[in-house]
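Please assemble the complex out of the two chains, which come individually in their own frames, going by the hints.
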Amino acid sequence: MVAYIIRRLLYAVLTIWSISVLAFVIIHLPSGDYVTSYIASMSASGSAVSEGEAQALREQLGLDQSIYVQYFKWIGLILQGNFGMAMEWGRPVLDVIGDRLALTIVISLAAIVFTWALALPIGIFSAVHRYSLLDYIFTFVGFIGLAVPGFMLALLVMYFGYSWFGLNVGGLFSPEFAEAPWSIAKVWDLITHLPVPAFVLGISGTAQMIRIMRSNLLDELRKPYVVSSRARGLAENRVIMKYPVRVAMNPFVSTIGYLLPYVVSGSIIVSLVLSLPTIGPLLLKALIAQDMFLAGSIVLLLGVMTVIGTFISDLLLMWIDPRIRLGRH
Amino acid sequence: MAEIERETETPAAEEKIAVATQWQLMWWRFRKHRLAMIGTVLLLFFYVIVIGADFLAYVDPNESEAQRSLMAPQPIHWMDQGRFAPYVHPLKGIRDPKTFKRVYKPDLETKVPLKIIGHGYRYKFLGFIPSDLHLLSVEGAKPEETLFLLGTDLQGRDLWSRLMYGTQTSMTIGLVSVALSLFLGILLGGVSGFYGGGIDTVIQRIIEILRSIPTIPLWMGLAAALPGSWSVTQVYFAITIIISLVGWTELARVVRGRFISLRQEDFVMAAELLGCSQGRIIFRHMVPSFISHIIAATTLAIPAMIISETSLSFLGLGLRPPAISWGVLLQDAQNIQALAISPWLLISSVPVIIAVLAFNFMGDGLRDAADPYL
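Sequence order for the protein chains is A and B. So for the first sequence, our numbering puts the first residue at 1; every next one is plus one. So for the second sequence, our numbering puts the first residue at 1001; every next one is plus one.
Chain B with its partners taken away, still in its complex shape (with noise of 0.2 Å):
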């Protein structure tokens, strides 16, 4: 605020705030935020991730292997004889005679050659465009019998691959309940606020009754009834559906106070004066001064989606396997037991955490510019 303020003094610079658009002014102090930006940033390269989760995974995800089974992550070596050309020991896997646990010993005599963008099993990019390219491919080797990036899980399959598809599971789930929380918690806010009265009272209390009800014993209750016999995507959307139950409350909160103070406005006034028709005051006039609002609160509810997929799943009531997201991956390390021996199935946490934090800070960053004369 105080840099805007500073810009302010010279003419040349006033001059250009004044004939800016509102869309302008918030980028420009958008810009300012650090922290959003960054925010921002990470944002992008998530859902850069979710575009390519086909071509960043090197292994089919549900490829299983007994004897692969809980391998600890295995380190690239990127440099041999001082030029560039990744390579990795193969591991393998002998049965511990004292303790009977698998370990696994790199066999450091001999190298496997990596290859950047290589190819790999065939996939559909998108999925319509027929592909078999992936960032990382092996020479000379099956990559699910020798890559092991971040481990592999209890039942031997890449934790890495299955990371990149959960990713896309869960950055995905978060987008689409918060679009359905939208459409509810705009058209019920809207309602709310634009003609108030008996309509209003009713849909507030509804508003307090759900939000004073303990959300995961409710979605749990909800979830644990979905039929088992439903398949990934039915069961991806009624978990949506179930999850902006209760999302799309602060929404309509926000729209509702908007409209609200917005109707006591002069234009809305004046153009009620002028003979305009509802529609045309709320979607011409009033609609175009808050949207900036809706947007950052919009932003500021997915991480609260995403944390809600992720705990339902983790709990084995969400997204049931083959499904893989975050919630389901974190579900292998439920118990000390499991952690104490291997830690790295806790690394998808790493990911829902950064991503709440980035929506987090973006979802501040807009909400900060979305008044720019402020």
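In isolation and in its complexed conformation, chain A is listed as follows (with noise of 0.2 Å):
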């Protein structure tokens, strides 16, 4: 068991590393470097810089050292906490992400929750009435989330709500909380916000987790301690809740493990259209803007926490399924 763990560690340890080298070349894939957009804003706002100018900002920024020189000193400093300067801002890019990065995560986490509780009773409903109509009903709205992109639903859900209901579904929060400091009047109105975010983001995941969690339990309820366990006596409800549930839950808790960067990858561009104050739009913006630190960190970021959160879900599969805790595959 502490050798899983230990394995699934270093295995994180790795992704984190692997993912830091993505960023990494993210923010240098773009042609000239951070003096060379400075120079272009400084001109653009009418004061020019000297060849030599930029020369001592080069060296005095590392800038003219060796990529890989680059690429610890980079990861040197991320390490002691400092994401460097988001040039736009003109402020630290932990100052600038801190709230949104926040949101993101609660956003992710929503989603997850929505997902979880309806595909569950879903797909043990469906597995259980099989060719019912209600099944059959599951089965294509399943299909359908399958096949509408986030945003579009995003866009869609946006459309109808206002014009049927002239409602206007985007955002986090009410007017007159948008600025206002965290208090339990300000997350209670995050909170009833958070439904339709939750139901956007969650649904493709859903329709996933009703198809899994279907065909897991009725192969499940084939097996004979299920008809044996009828044979008894047992309660119909006892019967399927007790063990094949149980078992047929195993996959359902490993796939978190990619359910998360779904659904973070997801937030991303539904944040865009609902406009919700996540780290999304402001990564797209960073990236038209060649904001390559503040980019490139936000996806080290989101990385990084998505890998914590496999991690988590590989704890958790430890848990409720004994065969890997027992180190047998």
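It should be emphasised that the hints constitute simulated quantities derived from the structure, not laboratory data. Just so you know, these numbers come straight off a predicted model, no measurement behind them. Just so it is clear, CB atoms sit at the ideal spot from N, CA and C, and this is done for glycine as well. Check before you lean on any hint, since a few could be wrong.
Computed Cβ-Cβ distance ranges for the label pairs, DEER-style [unchecked claim]:
| id | chain 1 | residue 1 | chain 2 | residue 2 | range |
| --- | --- | --- | --- | --- | --- |
| 1 | B | L1184 | A | Y68 | 25 to 35 Å |
| 2 | B | R1205 | A | G90 | 37 to 47 Å |
| 3 | A | P322 | B | I1341 | 54 to 64 Å |
Now the structure itself:
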């Protein structure tokens, strides 16, 4: 068990390291460097930067060194909690990101809770009442949920919310709370705004989960132990809930590792449509302005966040599945 | 499945199944999957549009005119005095004196006759056959001034024609990306499954890492770094590469799983004992027995690619104008203000949803059919 945790931890560290390399690559992909864009912005505002000044600036920032040295310097700073400056904002990256990162996590978690709360009962129902009318309806809705990309669903929800109910479904806070400091009332306001983004983000994951849950439970229900417990006269509810559902839930927990990056990914683009104050719109703005330190840091932080989430799901899986706990696959 | 069982009850049918090739068995099973057949027909329809986009469009998709900005879809009248003679009423744009918005009023007095299959702007069919034939054309007037099947966008470009070209781009970009992913997936998945050991571990770790990174931020970062000076074609291929970067992992997983399970089959052992070369074992004995699974997995991978391209272009980081794709078209429908005034801009989402569903249905059918003995 300890060996398993250590192995998972090592993978997590390895993954975080590869993400840091990818983020660094993203930072360095556009032609030119920070100084080039600095010069461009300075000359746009009317003041010229001489060749000597540019050279001095490069030396000061270490941009004249080899790419490997730059990478280790960057990582070194990040390990000390220094993500660099967001150029456009003239403030440290962490300052700019802070709240938005937290809200991204809140929305992603809400979407996952939504997914589970819906997929589990529907999956069980669909498996137990296979080929019933409701099963067909759920299957159909599930297919639609899979086929409609998140941002498009957001557009449709927004459009119909507006044209049918006259509602503006965007945003995470009511106007009076948007700039207010945190309070109980603001948290409650946030909670009341969560269902729409959670629905939009969670629906395709829900569709997948229902299919997984349904087919797993169907496999389980065919097994002899189910027949035997029925033969012993157990109540139908108990026959299904006691063991088959528990076994069928295993892959359910293991997929949360894949669900999380998927939801975080989706939240980026859905936030843009629904104008949610998450990290998504910030990332897009940073990329378009080629504010690569900000963009790279966001990619890195999102990656790290999902890796931690996946690690937690691994632990969770170990907790519910004794086969993994005991080191047998 | 139940129907196949019933078939096997008669001896003649049983014999038919016994001598059928693998592909025949697959086809018989696939035919029974009603949704999969519907999906297949829909996709054929889409690819007819891909090939004939020039013919189906009736005006140049980049022809813009501020005077025709944001026109609503225009109905076609099919019958005129009891005879089949399609016509439209010409639209006149005037500025509303109160709101200063452009409004369009049909001129009910005049009828502009439409011609099914007529002459229009010139193009090269399939890129080399010069032609000016179009499905629809207008008699005695310019089509770009009279015909607005699905309305126009902000720059006054005809949405129907743009949708045809968008379909061409979006449906092919999925295929190109999947081809690239398939190549990587088969190569790396095959190596991983066939050789196993250390190289397998390395490839599996890479897959795990790639799958644990949120894809959209990664794609956004990579796509934003494409130089602005690149041509439409260069961006197109760069986007396919970016999308395939993550797309190959799922296919590699399927290929690896198949290789591992087949390695333990008796016929592979027999081939090995008979002294077959490794290449022969792989290509003559193993590949034919899992190619159907690969086809199914590939079909199921395409919709994800289409959604990826659409999302990236929607954000303005994928294909850029003058390229036209479903995502580029949907960019106009980005905010509630635009949608409230001109909801028809949302029409490009319909083909996306239908195409993705059709690919999913067909892939599901193929996957079920790939195991005829199940």
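Do the hints match the structure? See the list:
no., hint, result
1, L1184/B / Y68/A: 25 to 35 Å, "holds, 27 Å"
2, R1205/B / G90/A: 37 to 47 Å, "holds, 40 Å"
3, P322/A / I1341/B: 54 to 64 Å, "holds, 60 Å"
In summary, the structure agrees with every hint in the numbered list given earlier.
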